[in-house]
Amino acid sequence: MSTTGKFVTATAEKCHDPYLRCALYGAAQAALGISGCCVLSYAPQGCNMLVSSAFGWQDADYTETLTLCTKLCENEIVHGGEELLTRTILEAQEFNVPIVFVLSSCGPEIVGDDIVAVCEDVRSQVNFDVVPIQCAGFRGSQYDGSDIALDVLLKKLIVDRGQKIAKSVCLIAPYANANPTWMGDLEWVKGVLSRMGVEVTATITHQTALSDFARVSASEASLVLSHDCGHKAAGYLASEFGVEQLCQDIPLPVGFTNTRRWLRELGERFGVGEVADKLANEGEKMVVEVCRRKGLEQFFMHRAPVAIVADATVGIPLVHFISEDLEMVPQLICLRSSQEVARRVLEKELKELNLAPRVIYGADVYQSKVALADLKPEIVFGSNIEKHAVEELDIPFVFLLVSPTTRFRIINREYFGYTGMLNIIEFIQNDWRDKYRSRQREYKARW
Amino acid sequence: MLCCVTVDGTAGLALVNRLSVGILLDLAGREATGMDEDYIAFRGNLQQLLEKVEKGEMIPKLQASHAPPCKFWTAFMVVNGIRHMAPVIHGPVGCTYGVASAYKLTSCEYRGVPLEPTSCTALGETNIVYGGEGKLVEAVKEAEARYHPELIVILSCCCSGIIGDDVETIAEEAEKSVNAKVIAIHSEGFGGDFRSGFEDAFRVIMDLMEPPRQKRQKTINILGARVGPTYTEWREDLDEIIRLVNAIGVDINAVLCGGCTLEEIRRAREVELNASWCYDWGQKLGDLMQKRYGIAYSRTGQPYGLRATEEWIMGVARPLGLEKKAREVIQKETDGVKEEAESLRRNLNDKTALIEVAEFPGPIRALSIARMVEEFGARPVVINIHPYTIKERMPSIKFLLETGQNPEVVLTKGIFSLGTFRSSWQTEFQLEELVTEYNNAIFFGTPMRQPGIPQVNLTTRTGYPHYGYPGIVNLARLVESAVVNAGRPRSKLFRRVLYGDRQS
Amino acid sequence: MRQIAIYGKGGIGKSTIASNLCIALQQRVLKVMQVGCDPKRDSTRTLTGGQLIPTVLETYREHLRMGRDEYAIALEDIVFVGHQGVYCVESGGPEPGVGCAGRGVLTAINILRDLKAFDTYSVDVVVYDVLGDVVCGGFAQPIRQGYAREIYLICSGGFMSLYAANNIAKAIRRLSRRGETGLAGVICNSIGQDSFEKEVLSDFAGRLGTKLVHFVPHSPVIQACEVESQTVLEHSPQSAEAGVFRELAEKVINNDSPVIPTPLEELSELEALYRRHLKA
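Chains P, L and H, in that order, give the protein sequences.
If you read the first sequence in my numbering, its first letter stands for residue 1, the second for the next number, and so on.
If you read the second sequence in my numbering, its first letter stands for residue 1, the second for the next number, and so on.
If you read the third sequence in my numbering, its first letter stands for residue 1, the second for the next number, and so on.
So here's chain P without its partners, still in its complex pose (with noise of 0.2 Å):
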C-alpha cells in the first residue's frame, strides 16, 4: 500500500447537495448555548426553522431560553426592516431575558440593513444586553457561522482579569459534533478534566452562564472539542490573552491511541502524567474485560474495507480507531468539512497507519454517493442520508455514528474516551445484527 493517497477536494461545483446547513444555523447554535439567553432571528419565519433547529441540537429548554423571529416580508425587504427590528427587540423586554442575540439573514444583509446600528440605538432602552451577530446564510457554512459567533460573543462578553487561574482550561466549541448526543463527549472531557485537577473556566457554549464568559480570560490553555471549527476562537485567546490551545494536532480521543495520546498530552501540560497514565490504562482495561465478558463479535471486521462519511469531528478520530484497534481498512473519506487545520491532522494520521483511502474533503451527498458506489465499501460509518444512498448498492453495512439520524436518543452517549469506545462497539453490533433480521415470516403460525 502506498502512503500516497489520492486527495480529492470538492472544488466549487455549481451544483451542490450540502451535508451542512448554513452560517445562521451555526451562529444559532453558539449562542443558544448560552443559558436564559434569547435569540432574535432577523429573518422571514423559514430561517426560524434553521433556530429551532439549533435549539434542540444545544438541548436549550424553552422554559428558560427564548426564541423569536422578525418574520420579515417582501416589505421589509424593499422599504429596510430596520423599524420592525428595533419593534421587536424592545418587545423582547417582556421576556425579562440578560441578554438578546440578534442574528442577521440574507435579507437584511443585502439591502444593507445595520443591525450592529439598530442595536446600538435602542440598547439605553432596553434592561438587557443587545449583542447583533452577521450571520447570513451566504456568508458559509454552518461552522463559518459557529466561528463568527464565537467571535462576536468573545470579544463582546469577555473581561480581561490580567490575572490567570492555575490549571484551568476553557472548552470551545463542544457542539460542533455530529455525535447526536455531543453533550456526552463534553461531560466526559469534563470528568477526565476534573480527575486531573484541571478546573474548566468556562464551555463555549453549552449551557453556559453569562457569568462564565468572565473567567475565560483567566483560563491557561483552551481546548477545542471540534475539528469543524472553533480554531479560531481558540487562536483570539491565544493571541488576545495568551492561552495557550492544547492537542491541536491531534485527532479528539476516540479509540485506544487517540485517547492516551489525548490524555498524555494533557497530563504533560497540567503536570499530571500520571493521572492521565492511569485514567489510560485504568480505561484500557475497562473496554478490554467488558469486551471479554459481554462477548465483542469482531467477526465482520476484520480487514473490512470501510467507508467513513463524516464531519471531521467524528471522522478523524474513527480513523485510527477502526483500523488500528477494529482491524478495519479506510478505503474511502468523505468529510463534510474542509478545514486546514483538519487537513493537517487527517494526512498526518494517514501517514502514520500508512493507509492511502481516497478523501474527499467538503464533500456533498452525490460525491459521496457516487465514491461510495465506485469503491463498494463493505462498510460505511455514516448517517441516515447514507443508508439511503447505498440502498441499491451492494454494501451490506450502514453503522449508523453520524448526524441526522431519526434514531430517538434521551441518554448522552459519549464517542470520546473509553465509555464511547464502548458505545459505538455497542452501535456497529447493533447495525451489524439488524442487517441480517428477517424482513418477512417463511410461512403462518397456526395459532
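Hints are computed from structural coordinates only; laboratory data are not their basis.
For every residue, glycine included, the Cβ atom is placed at its ideal position computed from N, Cα and C.
Watch out, some of these pointers could steer you wrong.
Residues on chain L that point at chain H, a partial pick, calculated with CB under 8 Å [said to hold, decoys possible]:
no. : residue
1   : 54
2   : 56
3   : 131
4   : 162
5   : 163
6   : 164
7   : 165
8   : 166
9   : 169
10  : 192
11  : 196
Selected chain L positions facing chain H (Cβ under 10 Å, derived; list incomplete) [as the list claims (entries may be wrong)]:
no. : residue
12  : 53
13  : 55
14  : 161
15  : 394
Fit chains L and H to the supplied structure of chain P, relying on the hints for placement.
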C-alpha cells in the same frame, strides 16, 4: 409535538413547546385577583373573526409569533411530490439542507421514496455581489448530468430574489441544453406567506400540462396534495379517497403532487374532472384549471363524517354521471359503519365539542371536525384557531362560509403572545379555564392538553385514516375511548415536562 | 402591444421625454401606459398635473399589512388615468438609504403582470421610465423577457451621460441575447451644444450598433412646462418643441429594428471617441 418531521434526532426536540415568561407573569397576576373573561381575546363566529382579520384587527403581537415555514419551504413541499425531479435551489446551503432534512429524508424514512437529490447553487458572498445567473445555468446542466431527472425545478431563495437573478428566463434558456424539462418558481422566503408557496408552485406546474390528446372518460385528478412528510397529510386518508373513487368506477390520473410523475402532470388535462384532496391547497389549482382549460372542479370539503363523505363522493359522481353507482357504494359503506355511527351519536349527542387543532393536525381539519360533530348531535366550538391561520387561509375559510359552515370560535389571549408560538404552552391554563364554562363538554385535539374533560386524541398516527368510512370507525373508537377514560388522571410527568413545575 | 423602456443617466430628462412621448403616442389614438420605475415616484408628474399618484408598492404594503396578497389589489388602486387618457403607474420604492429599490421595481412590475394590467386596459404601448442607472438585477427587470422589447438610451453631450449609456448597453447586451429585447436607439436630450452633440452621439450610437434616432433641443419652453408640471404637448401644443415630440413618436412607432448592442468595452475607448469630437 414529539412527532417531529425533522430528521436530526435531537433537532426534533426544538419543536416542543416554548415558554412565554410574559404569560407566566400575567397568569400569576391574574390568579391573585381571580380569573375572569380577560383571558378571552375573541368570542364570536367564524364569519365575525374573518371580518376582524380582514379589517387588519387581530394582528398577533409583532410578527414574532407562530412561525411556520416560509414560501420557499412550502413551494419545495409541492415539487417534492414529483418523481424523478431534481431541484436546483438558487440559494445558500442552509435553505437547501433545511428542506432536505425536513422533507426529502423523511420521504425516504417514512414514505418509501428513494434518496433523491436536494441540490443547490450554494450561493456565497461573491455570487451575491456579482450575480448568480451564470452559476445557475451551469448548475442546471450539472444536475442533468448527475441525476438524469425528468424535471428540473429552479427555486429562488431570498438571496437570488433580492439580487434579481432572472430564474424564469434561465429556466427557458437552460432547457435548450438539457433533456429534462426545466421550470422555475419564484419562491424567495420573504416573497409571500406560506400559502403563496403552494399556490405559486401549483401555478407553475400547471404550465407543464399539455393540451389533451384525448379525453379520458371517468378519470380524475386529485389536487392539492403534497403527501410528503407533513403532520397533516396522512397517506391513509389518501388511500381511503382512492378506494372510494375506484369503488364508484373512476380512475385517477394523478395525485398532484403526491408522488406523481411528469408524464401524469403532462396528461392532467385529459381528465373529466378534478377533485380535491385538501381544498385548502388544492382550490387555487382547481379553479385555475377550470378557468383556463374548462375542466370541472368538484369543490367539496374534507370527507370527515358520513355527510361530508357522501358529499365528497357525490361531488365526483354527479359530473361523471355515476350517481347510481355512487349511491350504492354510499349505502353499502354506510351500512358497514352503522354501529360506529351510532356510537358517535350516543357519545356526542347534546354535548359541546371544543375543537382545537391549532397546529396538529391542522386548522382546516378542525373546521371539518366541527362539521362532523354537528352531524352527530354536538354543538361545535372551535378554539384558538390562530389569526395568522385565518389570514393565510383566507380563501379556504371563505369557501367554508359560502357552504354555510360558520361555527362558534373562541380565541384566548395566549395565542397573541410574543415568542415562538406553541399553542399548548401559551394557552394551556386559559384553555383549562375556558372548559369550565361548558357543561357536558368533550375536547377534540392534542393530548398535549390537559383540559380535565373527556379528550379525543386527534394526533395518533396508528395507521387509521380520519377520512371516509374507516375514518368513522377510527373516530368512533377515539371518541369512545375519550368517554370511557374520562375519569382517569392525566400524567403528572407529561404535565411537568410540558409546563414546568408551575400549576394552573 | 409595444413595450418600450427609457434608460439613461440620472437627471438626463428621461421622465420629460417619456411623458411627452406618451402624450404624443396617445394623440395618435393609441392607448398608452407610462410606468415609472423609480422610488422617487415622480415619473408621471407632468401627466397628472403635478400630483404624485399612489405607488404600487405603497398599495401592496397596505395590503400586506391587512393580510392580503397581491391578487387582492384592485387595478384602480395602482393605475391612474392621467392627462389625455394616458394610464399612469408608479412603482414606488424605499426611502433613500434603506431597503432594496431594485427588488421594489421587480415586485411592482411583477404585480402589474400578475394582475394583467396591460390586457385589462387594452394597452397598445407601455413606456417604462427607469431610474438613472442599472445598478442591480432589479433595475433590469423592465427589460427582461416578457417586458420591454425596445430600449432607448437618453444621452446629452455630457461625457458621463455616454458613460452611463454605455454601461446600460452592456446590461442590454446580456439580456438581449436571451430574448427579443434589443436596443432601439439613442435619443439626445440636448444641453445646447447641438452640432457637437449630434456628431458625438451619432458616432456613439453607431458604435453601439444603432442610430441616434432623435434630437430634442435644449429649450426654455420645455423647462417652463416642467415647472408648470405639464407636458409640452399640452402646455404649448403649437410650439416647435411639441412638434419635436410628435416626430419622436412617429419615429418610435416606425422603428422596427432593435439590435443587440455592441458597447465599448473599455472606458479608454469611450474617452477617445469623445475626445475626437471635442477636438473637432
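Comparing the hints with the structure gives:
1. 54: 7 Å, holds
2. 56: Result: holds, 4 Å to nearest chain H Cβ.
3. 131: 6 Å, holds
4. 162: 5 Å, holds
5. 163: 5 Å, holds
6. 164: Holds. Min distance 2 Å.
7. 165: Result: holds, 6 Å to nearest chain H Cβ.
8. 166: 5 Å, holds
9. 169: It holds, given that the least Cβ distance between residue 169/L and chain H is near 5 Å, below 8 Å.
10. 192: It holds, given that the least Cβ distance between residue 192/L and chain H is near 6 Å, below 8 Å.
11. 196: 6 Å, holds
12. 53: 6 Å, holds
13. 55: Constraint on residue 55/L satisfied, holds at 7 Å.
14. 161: 7 Å, holds
15. 394: Cβ of residue 394/L sits 7 Å from chain H, so the hint holds.
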